[in-house]
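**Q** Based on these hints, arrange chain B on the given structure of chain A.
These protein sequences, in sequence, are chains A and B. All residue numbers in the first sequence are consecutive under the working numbering, ending with 457. All residue numbers in the second sequence are consecutive under the working numbering, ending with 329.
Don't read these hints as lab results, they were simulated from the structure. Keep in mind it's a predicted model, so treat the numbers as computed, not measured. Don't be surprised by glycine CBs; every beta carbon is placed ideally from N, CA and C. Watch out, some of these pointers could steer you wrong.
[Unchecked claim] 27 Å max Cα-Cα, derived DSS-like pairs, lysine-lysine:
1. B/Lys-230 with A/Lys-190
2. A/Lys-432 with B/Lys-235
3. A/Lys-413 with A/Lys-389
4. B/Lys-235 with A/Lys-215
[Said to hold, decoys possible] Covered stretches of chain A, going by a simulated chain B footprint (3 or more residues, C-beta under 8 Å):
5. 223-234
6. 284-295
7. 364-376
Here are the chains, one letter per residue:
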Amino acid sequence: MSSALLSVENAVVDLPTPRGNLRAVDHVDLAVGAGRTLGIVGESGCGKTMLSRAVLQLLPKKARLSGRVMFDGQDLTTLSAEKLRKLRGRSLAVVFQDPMTSLNPVLTIGTQLIETIQEHLELDLAEARQRSIELLAAVGIPAPEQRLAQYPHQLSGGMRQRVAIAVALSCEPKLLIADEPTTALDVTIQAQILDLLAREQQRRHMAMIIITHDLGVVAGRTDEVAVMYAGRVVERAPTPALFKQMRMPYTEALLAALPKLDVAPHTPLPAISGRPPDPTRPLKGCSFSPRCRYSAGRCAFEKPQLCSAETPEHLYACFHPIAARVGA
Amino acid sequence: MLFFVARRLLYLVPVLIAVSVLTFVIASLLPGDLAYVILGDQATPENVAALRHDLGLDQPIWLRYLGWLWHILQGDFGRSFRTGQTVLQAVSERVPISFELMILAELIGLAIGVPLAIACAAKAGSAFDRLMTGSAFGMLSVPTFLSAILLIYLFAVELRWLPATGYVPFTEDPLANLRFMVLPALTLGLAEWPGIMRVLRSDMIAALQEDYIALAKAKGLKPSRILFVHALKPSSLTLVTITGINIGRLIGGAVIVETIFALPGIGRLLVGAILTRDLIILQGVVLLVGAGFVIMNFIVDLLYALLDPRIRHGHA
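Next up, chain A with everything else stripped away, as it sits in the complex (with noise of 0.2 Å):
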């Protein structure tokens, strides 16, 4: 683990509510080789979105994060403030879910972008200018130079969400987190900007880590991935060996969820039934087991534990696995 670009070590995110207090990560271990590509997989609320905040440490004020965060041999939760503005948007950089409000309205997409540039990079004006061109045609955006000028509105959303890549490879960052890049785009929008995404990781050599609530966006362009429900990651394999074999009935019950094109009109989908678990009051068994198919006897009393399946890779928490329950 200590070759990792980013290693998030027994991570807990807890958010004071007047309901009481919110755990929003629960003890989260994950790491992130350099040019690999993490995917975060998991429905809304699931802790996803604050997992990313806390590697960032954009958290909100009042969260509290304990466990260390690993990035490139520094421990993010101790690095002083300066440090880490140095740090963000250099070598780690984020685009947001929504490019309609990620993007300052009143700013124009040259000032947003020569801005971080020129944070960052000994560049003058005019090279800082010429970058931001390039960086925009790298990203498919037509006659960059005219939309320098230009502020968000005169753009579409996925012309936006582009530009939103385009500050963040500005400076050539070593880890990449791209928090539901594509949910607030049109569908037809949604692979050209994954494509986007995995081209420019290759060619850049950098990690990426995906967060979605799609298990359809991680499937072809991920290394990896980590499947989070109330706060904890239930189940983390190559991307591969999860989709030969999933383990957890959680995983296989968001695949389910998908919509598929071959099934006839009107059925309705198999969305999972029930709601999470509220997170103020935490269960004492598995999250998971009040929604869960083949829950039974200890299920609702005792978390299971991650542990690993035939490789050392591949790790879930469930103590009635799909393949095991094949086999009985």
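**A** Relative to the frame of chain A, chain B by itself:
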């Protein structure tokens, strides 16, 4: 942009017509016949009737309005029957005083309000923020005549740093002029900053919650740049509005402050016209002040467009 300006200018026409109608009607509805005011209570009915005829007062109101408007369009706002001064003369003599007072007061209000608002928004909820928000509330409830008297007592009576009343034109002696202006401007400025501060503070706190601020942080920008560029610029629209309204209001002169400090500005002209029933002056000045207010709002609209590209491009 040119189209935007032209469209805004076109909107001004009906507003200015409405202002002129209201001004004229209100002045005409005031009790007391102008002829009696001029001739006095002892005038014979024949004299009154003759004067009414000369002044056109025996004509229907819409005809009188059109006649008045016709003269105004030719630049003739009328002449005071008391002093013989034309409205334009009277106003142009006093406008520089009220204008200077307004500019200084607004500058003081902004100089206190804007930095405080930014500091409070950056540390929202802190002890400093609560103290300042509380002080702003307190200041809002202090009427200008009270703060004027307190300032006179402190700076003119006790410390003897500044004169309490009087006026010297700027062109005669700039330094003396400023010495006379400090206290009245400070009085008005102290009434201006709480509004400026509270509006800008709440707008900035809202802006600081936006996604684009989170991204600006994630880009590793300096906290000062995030505060002054990314948060201040989108928050300044309401600030421009209330500054514009304040300026528009002060174009009409600050009646109370001009009276207390004996500044011969527009406010004193208006009060004098009302007290002496000088309807011609009153009508003319109210119309000019109304027009000034409307034009100020037009400038505010242009500033909006300058600050927010979405308005400039007709998106919002």
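**Q** Run every hint past the structure and note whether it holds.
**A** Verification of the hints:
Using a Cα cut-off of 27 Å, the hinted pair B/Lys-230 and A/Lys-190 holds, with the two alpha carbons roughly 14 Å apart. Distance check on the hinted pair: A/Lys-432 and B/Lys-235 sit about 44 Å apart at the alpha-carbon level, beyond 27 Å; violated. The hinted pair formed by A/Lys-413 and A/Lys-389 fails the criterion: a straight-line CA distance of about 35 Å is larger than 27 Å. For the proposed pair B/Lys-235 and A/Lys-215, the alpha carbon gap of about 9 Å is at most 27 Å, so the pair holds.
Using a Cβ-Cβ cut-off of 8 Å, 8 residues of the segment 223-234 of chain A lie near chain B, which meets the minimum of three, so the contact claim holds. Counting residues of the segment 284-295 of chain A whose C-beta lies closer than 8 Å to any C-beta of chain B gives 1; at least three are required, and the coverage claim is violated. As drawn, the segment 364-376 of chain A meets chain B at 0 residues by the rule of a beta-carbon pair under 8 Å; below three, the given contact is violated.
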